[in-house]
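Engineer: Modelling step: build the complete structure from the supplied sequences, incorporating the hints.
As a plain string of letters, each chain reads:
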Amino acid sequence: MDQTIYLVTLVGTALVLAASFSSLIAFRFGAPLLLLFLGVGLASGADGLGIQFDNARLAYFVGSLALAVILFESGFGTPFAIFKQAAAPALTLATVGVLLTTAIFGAAAYYFVHLNMLESMLLGAAVSSTDAAAVFFLLRAGNINLRDRLRSTLEVESGTNDPIAIFLTITLVSILALGELPNAFELSLELAVGFAEHMGIGAVVGLIGGYGVVRLIEKLELDHGLLPIFVLTLALLIFAAAGSVGGSGFLAVYVAGLIVGNAGMRNASVVKRFQHGLSWLAQIIMFLVLGLYATPSEFVPIFGIGLFLGLLLIFVARPIAVWFCLLPFGFTRPETAFISWVGLRGSVSILLAITPITGGLEHGRLIFNLAFIIVLASLVVQGWTIGPLARRLGLIVPPRGGLVDKVELELPGSARHELLAYRVVAGSPVERGQRIPRWARPSLVVRGGRSMKYQDAGRLVAGDNVYIFVSDRYPRLLDRLFAGRTDVDPEDADFFGAFAVDPARPATDLEAIYGPPLTDAERKLSIGALVSTRLGGRAEYADRVLLDPIELIVRDVDENGKVVGVGVSLEPMATPAPRVPIFLSAGEMWDRFVLFRARFRTRPSGQGEVSATASEAETKT
Amino acid sequence: MDLSDLIEVSAIMPALKANSKKQLLQLLAEKAAAVTELPERVIFDTILQRERLGSTGVGNGIAIPHGKLSGVKKIVGVFARLESPVDFEALDDQPVDLVFLLLAPEGAGADHLKALSRIARVLRDNETVAKIRGTRDANAIYALLSETATPHAA
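Chains F and L are the protein sequences, given in the same order.
For the first sequence, the UniProt record's numbering assigns the number 1 to the initial residue and increments by one for each residue that follows.
For the second sequence, the UniProt record's numbering assigns the number 1 to the initial residue and increments by one for each residue that follows.
Think of the hints as simulated: they come from the structure by calculation, not from any bench.
There are no misleading hints in this set.
Pairwise CB distance ranges (calculated): (1) F:Ala512 <-> L:Lys73: 18 to 24 Å; (2) L:Gln49 <-> F:Arg441: 37 to 43 Å; (3) F:Gly561 <-> L:Lys17: 43 to 49 Å; (4) F:Phe329 <-> L:Gln23: 48 to 54 Å; (5) F:Ile229 <-> L:Arg52: 55 to 61 Å; (6) F:Lys453 <-> L:Arg52: 38 to 44 Å; (7) F:Arg423 <-> L:Lys73: 54 to 60 Å.
Glycine residues also receive a C-beta, built at the ideal position from the N, C-alpha and C atoms.
Structural biologist: Take a look at the structure:
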């Protein structure tokens, strides 16, 4: 018995270590990290090093707990502002998008694989959710600085669609397990009612639980070391509670995480760090277990069809679903295309594909193996190309402000204040003599190993460490004071325009100097208001407004969404509209179709017309 | 096309001394008045008006003040290299030591903007800028300004 403990621990730690080390490789080469975790699992499993692990129930159990931890962290790390900004499009994607993806993919799978309709839909449901960890990691590791709304939408979508895909999959499994196929009407009614009940209970339990956790933490004076464990345990309690009363435990933990993370807890950063680490571990364990559970040799006979289905998901099902869901939200064509492409599948899909096995379905193993191959295809094809695609679609924005070197510290017993330690960077405004405002309470300066009062330190020099007590509402302003100089590099000048204009000045000034035609109503506005109006009332960092012959670019927006920095580009043609790969955009397909039809129609008439439209078509392709 | 269409050697001040942005603009207006035969005051007011809209300091110690003026016959430039940089409220807060003033006729429209962006492009080339900073010879500056545009022109 003793020997087993050591052996299991030895193997387990070795695997986790191997996976952790592979993360170093991933950061260096930008390879999809999760693929490596999965690879370590596969390589150690039945067909590799020969570790026998064939317990579907255990794999599902471990995976579910790990997913609960990951979803809690995902909610915890999402600020309300981001959630609000993206809620409508993201939740549409998470609900309607999941259903559409399932339906389209399921219908296709029905034609190509020997599965009945429900089983095909089951496979579709399993692979319908995007993987939060994969999306977050790739966006961060790839240093992909996306426009705000796009990024928020992707992050919120990937966090919220898991519960829905899980519900759909499990419902389908239980219907299939009954052995008799209900008629379509009963099925959809059951799904709709079940869905409302499941999600409603989950959300309510999550809300109550989340506020409960916040209250408890405020009441109890817990030890710092114990606090994160306490929070984690409560999160799992919420997960279990919601599940046991017939709600979605996964939705409940996400909602609870969202509430706890935004409650402005005193020790939020301690919990955050712990959650972050734990979510990594959960991710590693999940992929390892799923990799171990799979048997790659079984993939061989179905590899071709699996790959085909994976590509179908990537190129057909997801783009159509995304396009349809985002229609009402005014995303540009490149943005819609990018959201389709960042539909990475991950561990959740594999985890869900275990349920047909645990449910004892006849084709359970086949469904699992197909889902596994689809996830692999998605991680490789999409995971490796996100960065280049974002660049090509012109969705990357230059980073805001210069480098800030700062540490945040928790203050015991002081609500709503934090201690910030900034390192003075050469070229930052403070280094060049800008005063630190009084509300920031600069208290201590450490210079060359000696500490002194801020009042005695005189002018700050590069390399000083400044300690500042500050109300937690102000750090962003301070960051600007301490940020290193933003080098105006040529690409940024192209991006943000050569000249700056003051958004507070009247728009007529702009008209007088550069001559863009304005309407009478617009002449009464300030430049900032003009930009906002032209953008439909909601300006965002890096938005562009074409006012022929110039183009205005939003350089900065304050907390209330007011434009506080505008650039003027004199060469609006310098940034041509990016070309969207046709397969990712229904709009693009429609345009081509219209063009094709126009070409076809003109054929019988004059020869010259034909060649004109033909050459037009060529220039567009 | 290169910047030699816009500027003449006589309009280059290779070692100007100014203590403030205002003084610098005045000296530029004075020179421009000599080139265009227009009153200095009118030119000064025009470029000051543009500065009120936002500094024309484009970063890296370079400023490109500009404006439209009804009396000007063609697009015309004045260049100054300062002995010591002055604060110009530029975007990157760096003081400015190279200034290209551009004046355009009221109806210049697109040509005005084209000229401006060409100047911005030439002065974005670090090598050219370093060479200009390193000389006090108006002819050399003229040569640098006019030659750099050629290889880049499409």
